[in-house]
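Protein chains in written order, with this note's numbering: chain A, 133 to 618; chain B, 133 to 618; chain C, 133 to 618; chain D, 133 to 618.
In case anyone wonders, no lab produced these hints; they're calculated from the structure. Be a bit skeptical, because a hint or two may be false.
No distinction is drawn between identical chains; accordingly, a pair holds when it is met within one copy or between any pair of copies.
Here are the simulated EDC-like cross-link-like pairs (lysine to aspartate or glutamate), alpha carbons at most 16 Å apart as the crow flies [claimed, not checked]:
| id | residue 1 | residue 2 |
| --- | --- | --- |
| 1 | Lys467 | Glu176 |
| 2 | Lys593 | Glu135 |
| 3 | Lys586 | Asp486 |
| 4 | Lys162 | Glu189 |
| 5 | Lys393 | Glu472 |
| 6 | Lys582 | Glu200 |
| 7 | Lys154 | Glu200 |
| 8 | Lys162 | Glu136 |
| 9 | Lys162 | Glu200 |
| 10 | Lys343 | Glu317 |
| 11 | Lys482 | Asp578 |
| 12 | Lys542 | Glu189 |
| 13 | Lys582 | Glu472 |
| 14 | Lys172 | Asp464 |
| 15 | Lys436 | Asp408 |
| 16 | Lys474 | Glu338 |
| 17 | Lys593 | Glu329 |
| 18 | Lys154 | Asp486 |
Number of protein chains: 4
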Amino acid sequence: MNEESYLAAEKLVPATYLNQGKDSKRTHEKCIQTLLYHRKLPSEGWSDARIRLLLNELSLMDSNNFPENVGVGEREARIHSSIVRERHFSLGHGIGRSGDVAAVQPKAAGSSLLNQLTNSLLLDIIQQSGAHFVQSCVLIPVATGMALMMTLLSLRSSRPSARYVIWPRIDQKSCFKSIISAGFEPVIIENVLEGDELMTDVQSMETQINKLGPDTVLAIMTVTSCFAPRGADRLPEVARLSSQYSIPHIVNNAYGVQSSKCMHLLQEANRVGRLDAFIQSTDKNFLVPVGGSVVSSGNPEFIKTVSQSYPGRASSTPTIDVFVTLLGLGSDGYKSLCKERKDNYQYLLKLLSDVAHRHNERVLVTKNNPISIAMSLTSLPSTTDWTELGSMLFLRNVSGTRVVSPGTSKTIGGYTFTNWGSHSNNYPHPYLTAAAAIGMNRQEIDTFCKRLDKTLTKFKKKHVVSDQELKSPQSGANDSEHGNGS
Amino acid sequence: MNEESYLAAEKLVPATYLNQGKDSKRTHEKCIQTLLYHRKLPSEGWSDARIRLLLNELSLMDSNNFPENVGVGEREARIHSSIVRERHFSLGHGIGRSGDVAAVQPKAAGSSLLNQLTNSLLLDIIQQSGAHFVQSCVLIPVATGMALMMTLLSLRSSRPSARYVIWPRIDQKSCFKSIISAGFEPVIIENVLEGDELMTDVQSMETQINKLGPDTVLAIMTVTSCFAPRGADRLPEVARLSSQYSIPHIVNNAYGVQSSKCMHLLQEANRVGRLDAFIQSTDKNFLVPVGGSVVSSGNPEFIKTVSQSYPGRASSTPTIDVFVTLLGLGSDGYKSLCKERKDNYQYLLKLLSDVAHRHNERVLVTKNNPISIAMSLTSLPSTTDWTELGSMLFLRNVSGTRVVSPGTSKTIGGYTFTNWGSHSNNYPHPYLTAAAAIGMNRQEIDTFCKRLDKTLTKFKKKHVVSDQELKSPQSGANDSEHGNGS
Amino acid sequence: MNEESYLAAEKLVPATYLNQGKDSKRTHEKCIQTLLYHRKLPSEGWSDARIRLLLNELSLMDSNNFPENVGVGEREARIHSSIVRERHFSLGHGIGRSGDVAAVQPKAAGSSLLNQLTNSLLLDIIQQSGAHFVQSCVLIPVATGMALMMTLLSLRSSRPSARYVIWPRIDQKSCFKSIISAGFEPVIIENVLEGDELMTDVQSMETQINKLGPDTVLAIMTVTSCFAPRGADRLPEVARLSSQYSIPHIVNNAYGVQSSKCMHLLQEANRVGRLDAFIQSTDKNFLVPVGGSVVSSGNPEFIKTVSQSYPGRASSTPTIDVFVTLLGLGSDGYKSLCKERKDNYQYLLKLLSDVAHRHNERVLVTKNNPISIAMSLTSLPSTTDWTELGSMLFLRNVSGTRVVSPGTSKTIGGYTFTNWGSHSNNYPHPYLTAAAAIGMNRQEIDTFCKRLDKTLTKFKKKHVVSDQELKSPQSGANDSEHGNGS
Amino acid sequence: MNEESYLAAEKLVPATYLNQGKDSKRTHEKCIQTLLYHRKLPSEGWSDARIRLLLNELSLMDSNNFPENVGVGEREARIHSSIVRERHFSLGHGIGRSGDVAAVQPKAAGSSLLNQLTNSLLLDIIQQSGAHFVQSCVLIPVATGMALMMTLLSLRSSRPSARYVIWPRIDQKSCFKSIISAGFEPVIIENVLEGDELMTDVQSMETQINKLGPDTVLAIMTVTSCFAPRGADRLPEVARLSSQYSIPHIVNNAYGVQSSKCMHLLQEANRVGRLDAFIQSTDKNFLVPVGGSVVSSGNPEFIKTVSQSYPGRASSTPTIDVFVTLLGLGSDGYKSLCKERKDNYQYLLKLLSDVAHRHNERVLVTKNNPISIAMSLTSLPSTTDWTELGSMLFLRNVSGTRVVSPGTSKTIGGYTFTNWGSHSNNYPHPYLTAAAAIGMNRQEIDTFCKRLDKTLTKFKKKHVVSDQELKSPQSGANDSEHGNGS
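Hey, can you work out the whole structure from these sequences and the hints?
What follows is the structure, encoded as structure tokens:
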């Protein structure tokens, strides 16, 4: 409603009442104005009403919503289904342009603005979460693995003779596949066992670099967030290597934004050495549906190159989801979720230790992993196939645990991994993992630990009996990956 | 509501009335059952209510919506914002799994089913649209260009010594970039002019293959749908070459599903030669927001390989959009939209010819282009910079026209194109294009032609005056691509 | 977004693109401004996007959506459920104020504006539909019967000695109950049979008035839209009586807005005599869910009195529904629906005549009923209980037919009606009715007539056999009102 | 999805995954089954997903959503606008039937079920809230005042010679108007002052009954929840009178469900005397938008009579809102809101006392009012017009306070009230009220008290200055009812 409308409205409703409404709208508009000026996440979250107001305004700025528009192109953002139109707030043009997922579209000023703003808000929250060195980031509506692949591909032209990607082993399929799909050869660096924890073998990494020749190496790809008992990689040390040998360093920070430890590791790595970019998932960090990832860097040019490696327009859904969620939370809301997560980690650690104790097991000591916790599974004979335990938990509506028992080999893109799932060829014993991820609540931890306790009891009873009957254990669905995060 | 619920309900509402309701639900469920059994698009479109019923059911099958679920993984599809949750129907897990965008997820039976069904419906509608040979297809939630890139990348392992992609020139940035981003070298085949139309130079293509050696060629990438005055590529002839030299043949069928001519061309190419896969945009063919593309092939193994080249889970939004839209239309609805489009093409041709006649111009004869129409711009001195006309139309709320005037060079990934936008180094004169795309209506054509008529008059008046005043024409925003589809 | 926001946005998106978006928004705002100035229904319908924009703006003008609001009253429009909040566009204060359903609320400028505007749009469309004399109207979120009751109650104070309401018989329960519930005594005027049609007995009405004494009569309540073979009341003649004896005249125009004939009857009645108010249903005329009615009058004071008879605030849902629907249709859209309905009446008449002919029945001649059509049921012995036919049709998914067979008595509020359902103590034979109401489509008419044809055949076969077997006919659910409109 | 669908789905997704989904659905359906069997509010709230599932199922049971339905009635629940359709979950038939708002509709089994269930859930929560004697209740989609009016009207036939309604004064317009609109004469019983509190003058009530004759009295209408310094009426004593003289007793329990004190008062009144029915608002007690009220009684026949006094079908919106909200809360959720409210009352009392103390005022002692609190305004000369303070607070975004200053007379329906707003002809001094209502949070109380503190300071400063300048105080908007609940 413009000024004339308010004036006209005074014939229907007294001006004093209307003025309150106008003031209210002005306040909302001021907040929007502040957002557009500073492009920082407001500290206090916005109401849904204000978020919808802005989405509505942005939507009207796209040509498909122009009242007089006539479209004679092959792509005019016509939306047939009203269900679909509504869920997209009538936004149809997606984000980006032919050659650049961050570019603005002439036909879609609203969508373009939404995209730019979202990238700015992400930059702000990533900085606030501890990676202060970051200067630019871009949300790409693809999985983290795909974004890693695109990041690798965008390095190609500047390193024409490079063939290898150095990769400290992390048993998560998609980041490994990102190397293969991009057409490079992974050089796997096995981890070293320090106490219970699997850590980066920086020494061996350097040996490989020298052996292959630095110019043949496209990049080193490390990881922060991962399943225990692997710890986050020794980012600062790798960053030093990376700097010393002038090799790009890419970090898979999949669900690391939620952890200040992961973020500080990135900040430190950048301070002492080289860190070209790090990539994180939107769904794993910002409580949105699967669909996007964010590439961040201290070097805006790098982000530009990655953006330009996406050929074509892309879905604006992950962007909208992040935009709405971040504005709804505000930076205070997000930080409070992160704080709660950190507390939950301690709470989960405590309760899991209690369960472990009751079953003659123990929680593994993995001080470099701030999110995932592993509990030993050693109280039955070493021949026990523990993987069935995962299925049992899954059937009891526990999702997300991983039971890792030695013995499973896996071949991906021609590379065979011994004891896949354990980040190691020879981890000394089976274990089970659980994670304290953002958005989880205490009640879930309570219920999980109760169910785990019961299930362990049942599992052990059954297998002790089975052993006595000299029968080999029957594994039900026989899938160690039930509900795991691979 | 289960049987017991209906029984209980009889205490509140007479059984006779309830039975009608049960019958109604049973009918809806029968339709869903038929869909699941046959996995074909129903001929009659579904009501929104039935579509929502199915979405709701599918949603409840994902672990994040299990009433008793406890999530201890790092990815549990928690959705913070209620705005976001609602627009995703509480579906949060996306589609695919670490190494395969078509794989099912243990945690997300509903999303997985949705994904499989959507691919089946797409297969059905693509076959029904004329490409009967297709045996498998997969929706990938990325742009067409990105899907082309992934298709190229997935060919790499089977053709280790290949470096080149043979590419008959089509001035559309993202398909060209897909080659560059994938790390291959494009071999540009200039088109030949036949009458007004630019057609594939198959001769020159063969010469290049022989020159480079077939093994060094990763693929030939042709196109069906494109801007006039380029025609669709001579697909059957290229397919024969492709077969003869055992080179994969990939077709960019960006907005070709809507045209039976494009689809028959694909069918014919496959019949007489080799066609490995063709890719189309979901938004350009199925009236959904930007975000997805479909890779189709006569060879299911090929589709499998492409699916497996996507590292990680992906957004389910383009899948949901297509699913909802196709079910809402039914195959009858979709065919009727295609029929209407075809009629609109004739209508646009007629009205545009009238406008052309009034301005001493003519519609170019491009019988191999069933969607886009070009009109000459020759009635002013050959020095006229016509590109301003595009801006003028855009400001008059006409989106999607392209005004192509010689003289613009463009460099993409190190390759320079003379007269970019015209698919040719030396098209004889300027022109303007407009397209009769799916979803357009007659009223839009009427309005477009009226506005074009007026704008042309204004433009010519201004430039004649300008010439008389011996001033060179001022081009406003000077952007020939205003609202075009590049 | 305010001006400063657009300026700030220019750092993210070029001004030229933004300007198009601003222009678009300005156009939308101009339309809103025009609506507020003239308070007439726009001829062209609005897009959902524009409607949502306005709803959003209005919502922000209510105190519960003020960003800084603190509520310390007992009623602050807090909404707990997000499902509920969303379906109400965050509007919670309802319409009206303690003593007046049309009054504005200080706390809810937006809702108040919405309410006033809706009443204005209704006034416009009622005038445009033919009742040009109307000067004021009010939507009350209650059923038509309830609105009739409130209208009667609001007459009480000005006619302290009145006890009776004169009521030409119309067998529709709620209008009769409105008299009883209001505490008055109905004086039933039986209809007279003219050919097939039941018409007002104006003579007998006058006799009654004289007998009771005009001052004891609170009002005469006539009807326009009704089930055939009753025709609309002789409104002009009654209006003359009404004027002559100074008795208020209230018309039940339940679903008459959709029929120009009904509307002209009202206009004519007002011209030649007295017509105090007429009441119509929102759902029956404007294709919204059940919930509201509109009281209209040539006398604004009368409407004011009725509005003030509603004690308390009321649901804004029927108002929102009508507002959204009317704006979405525009007056052109509404008129075209009415035109279509009129054509459908002729079409239904023709098809029903064909069915009748095939079964030795005939369509009754009821030229004063422009919506409902009756078909005789005389081809079986007069002892046949035809009411089972209604159930059979209902079970075959035909809703809305009424089968009227003599013999059912009904007592309402102490008054007994012989042959209830037929508007008459002694209509000569059974019949079946169907209506051509707004929103119906031709396909429904086709299907209805096919199903009716089959069902009649089946019914007659069964009853002929039954008769031969000397059994009396069994009526299944034995409910003549299955799906009827009572 | 039926069993066959799940079987068919196994070709797309492994049975083990599907089974989890089926289990999940089965759990949801079990909950729905339990709801239908016991018709009690579940203790734990339901997720939005389950609520939507049930709404969707119910919607499909209405004839307008039958896939094969053909409608030939005048009312077929066709909904034109997709915005409207969606907000009503495709439910269009409303609730009730011609003569009974609680009756089931043949055409709308789903809506009917929804209506019955909602009434059952309301019965459960009203009993659980303390009125254990209640045996039946009905939600009527009208304001509390209108429901009071309908309740009065439904008493008429059983008390043909009754003309009066005895009404202990409560300065809230709509309950007074309910008497007038129903056509009865209110007999106003002025309250007596006990300390700071205004209480029922039971003595004077009895005197009036004897004076008028019990048979001429239709009912006594008392109130529980009201603005301080009035307390809840002495319900048990009035109930005894009511029983003794055989006069119906109706209680206006507008926002009393949220207070256990009000509910126990009702329970006690029924125990010791006569209480025919009590009425409450849905929006004020259940955090839904304005629109409905609930009539409750220990006598199911009474509720039946009231239901049958609503002539016609009614909006189902208030029903849906209550249904969704109650299921979403569960009884635990509702009780916890009530508990929180009670605590907030104490908190508000404390903070308000502090503010009062700082300004030489005091909180009035009104121990019979568990929701509303009044603070004296006596620190300025008694000539001060304090009503401006209300406007000042309203402009500072405080809604819901009432500033009551003697001197305002009001005439409603011919009855004049001295010092309207204060429930008394001669309350000794001005005061301000605030309420601790359900849904309020502590932060609001904090902010309110801060703003009040500041505003009082400002007001007093201004008026002291004004007085010194010998000017009479200027009252701005001069509306003592800004944001009040009248």
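For this session: State whether the alpha carbon distance between Lys542 and Glu189 is at most 16 Å within one copy, between copies, both, or neither.
Result: neither (51 Å within a copy, 35 Å between copies)
Exercise. Checking Lys154 and Glu200: alpha-carbon separation at most 16 Å within a copy, between copies, both or neither?
Worked result: Only across copies: Lys154 and Glu200 sit 13 Å apart there, 28 Å inside one copy, limit 16 Å.
Exercise. Given identical chains, is Lys582 near Glu472, meaning Cα to Cα at most 16 Å, within a copy, between copies, both, or neither?
Worked result: The answer is neither: 21 Å in one copy and 30 Å across copies each exceed 16 Å.
Exercise. Is the C-alpha distance from Lys474 to Glu338 at most 16 Å within one copy, between copies, in both cases, or in neither?
Worked result: neither (34 Å within a copy, 63 Å between copies)
Problem set entry | Homo-oligomer pair classification [Glu329, Lys593; C-alpha up to 16 Å] | neither (30 Å within a copy, 70 Å between copies)
Exercise. When no copy is specified for Lys162 and Glu200, does a C-alpha distance of 16 Å or less occur within a copy, between copies, both, or neither?
Worked result: between (29 Å within a copy, 13 Å between copies)
Problem set entry | Intra- versus inter-copy proximity for Glu189 and Lys162 (alpha-carbon distance at most 16 Å) | both (14 Å within a copy, 15 Å between copies)
For this session: Using 16 Å as the alpha carbon limit, work out where Lys154 and Asp486 are close: within a copy, between copies, both or neither.
Result: neither (58 Å within a copy, 34 Å between copies)
For this session: Could you place Lys593 and Glu135 in one of the four classes (within, between, both, neither) given a Cα distance threshold of 16 Å?
Result: Neither: 76 Å inside a chain and 35 Å across chains, both beyond 16 Å.
Exercise. When no copy is named, should Lys393 and Glu472 be tagged within, between, both, or neither for a Cα gap of at most 16 Å?
Worked result: within (14 Å within a copy, 38 Å between copies)
Problem set entry | Alpha-carbon proximity between Lys162 and Glu136, which holds within one copy, between copies, both or neither at 16 Å | Only across copies: Lys162 and Glu136 sit 9 Å apart there, 20 Å inside one copy, limit 16 Å.
Exercise. Within a copy, between copies, both or neither: where do Lys582 and Glu200 come within 16 Å Cα-Cα?
Worked result: Answer is between; shortest inter-copy Cα gap is 13 Å, intra-copy 62 Å.
Going through the hint list in order, the structure does not satisfy hints 2, 12, 13, 16, 17, 18.
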